[in-house]
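Mind docking chain L on chain A? Use the hints.
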Amino acid sequence: MTSPVIISAKPPAGAAKFASRFDRFQVGLLVVAALLTCAALAYGGFLLTVMQLAMIYAIFCIGLNFFMGYTGQASFGQNAFACVGGYGSAILTVQYGWEPLPALLASMAVSGFFALIIGYPTLRLRGHYLAMATFSLGLITYDISIQWTSVTQGYMGYAGIPPMGIGNWTVESERWKLVTLAVLVAFGFWLSLRMRDSRFGRGLRAISGSENGAAALGVRVPRFKLIAFVIAALYASAAGSLFAYTIGFISPEVYGPAMSIMTFTMLFVGGVGTIVGPIIGAVVTSLLQEVVRGSGHYQDVAYAIVLLVTLIYAPKGISALGALFRRKKEEA
Amino acid sequence: MPSVAELSQSLVNGVGIGLIYGLIAIGFSVIYNASGIVNFAQGVFVMLGGMFAHTLLTSYGIPIWLSAIISTVLVAAVGVLVQIFVINPMWRRNAPLFAIILATLAVQLLIEQVIILTLGDRPRTYPEFTAGGPLKIGTVAIPYQFFWVLGVGALLVFALTQFFNRTRMGRALRACAQNREAAALLGIPVERMLIVAFALSAGLGAVAGILITPTQYTAYLIGTPFGINGFIAAIIGGFGSPVAGLVGGVLLGVIQSEAIVFFGAGFRNIISLTVLLVVLMYFPKGLFGGLEKKA
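Chains A and L supply the protein sequences, listed in that same order. The first sequence runs 1 to 332 under my numbering. The second sequence runs 1 to 295 under my numbering.
Next up, chain A with everything else stripped away, as it sits in the complex (with noise of 0.2 Å):
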């Protein structure tokens, strides 16, 4: 099978190959994000399971990264797919004894599939359709997940839910689970990054700048879309799986359409589109949801104040935030 050609320069090698991918700003912010880490190692207690919740979301919120920063287009309803694989884990752990890497994996391929099959029709919609239509997906799955209490036991949740592990050798400790969730974000990271430069990459960013005009570069669109649907729901459910181990308990609530509002805000705070984006929006979200708790019932209210203030002064995030400055100086 010939596939077309799709004509791009490829990205240049070595240091400028780093230069052209990240400015500095965004840099600093990882290494904001990596400091942060330690800190929470360090220290411990409750920051420690803020920063656990921070990497599930972010390795999440990377695959959301792919299908809706990369690739311009919007699904409020990952969250079903999270639900797939936290769920997936959970009884194949629990009621099967399986092992949780295998669980983990199994989950994946079946959100995979599922992914392929509702996206297939679904992905012909645009715009609000589509995001309407992503949304009740997520919907349907959280109703379902409260009502067919024989599988999923309901409001009840599932408990007990073991760590992460190979073999004998399981991550019981709140540092160590921190560590592993932390690599697993870095492995994320870095393949999305492969696939972002690949000519995958460049095709899915050729649709988001222009559908048709992506199409006469010869980038079959639908089915780049669909893929990309795919490796966001992989992610997802992913991250799902890895809720389920870390906290050892899930219930509907966890996988429901609040899910989806919060790592759509995290998508947006940190950048999307951006390559550290995602991770950056994890971190810092989960830490204000933690640092605006403390005013009591406000909560909520400043949160979407935040929310608001950011999506109207700051559309592109705040990995953006460095081009700004650079404009200015540039300006000055």
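Derived from the structure by calculation, the hints contain no laboratory data. Where a beta carbon is used, it is the ideal one built from N, C-alpha and C, also for glycine. A couple of the hints might just be wrong.
Covered by chain L, per the in silico footprint, the following chain A stretches (three or more residues, Cβ under 8 Å) [said to hold, decoys possible]:
id	stretch
1	140-150
2	243-255
3	300-308
Positioned in the frame of chain A, the structure of chain L alone reads:
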């Protein structure tokens, strides 16, 4: 197999709730047509309508008809505030579509939390507008409130059709819907029209909320289900004329009620969301999208 009486009773219930969905659907399409924005916080106006009316009725002792009017005006004002402080800044900056959707969801979260803080999270209800009832036809009971919903719904659709066809402002709104640049060139103040659209849409949502509260209840969290069902109704109707929105709502309401009879109440949302997906796949312009010219 459910009996005929059960089916016809659920048909009545379905039409009643469907008319409410229809009103919300019209609210969606008014904003969508004027701005190209789908306001995902539409359901929150329904909730506010019921909450304000209840507060005015019980805390201030204002008669129901006056409470209803004041509540509608207040909610319309909230709609205007949302437009001015959230939508307009994003619209002027050419924010991406999905950012605006997320912003409307954030508005919903914000308003819900403010309501919990000020009015509490307790569900509340007030008596039907006309005491007595229900009207019995054979074994089928029709509450009097049903006739209020039917009457107000019909009246509003008639008034809206007249508004869009006869008045200068209504025509200006339709001009914005067809082509915003051209409308602006013709001297129509497009941003002011958007404010009108939000006020109108919020008011419609409030009326729906005020009408439904006696037969169900209102609480801070009813916004999402009503918003989603209203959106589904708008999609079935095809974002076109007020009549199409109302018919879409009634269709959805009836499908939902019958689904409850056949599958049980837990599957109500699953059924209506499945209807949404099917309509989106096969009738992306709505059931009436191909049939009628834009009103």
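**Item:** Structure versus earlier hints, numbers of those that do not hold, lowest first
**Value:** 2
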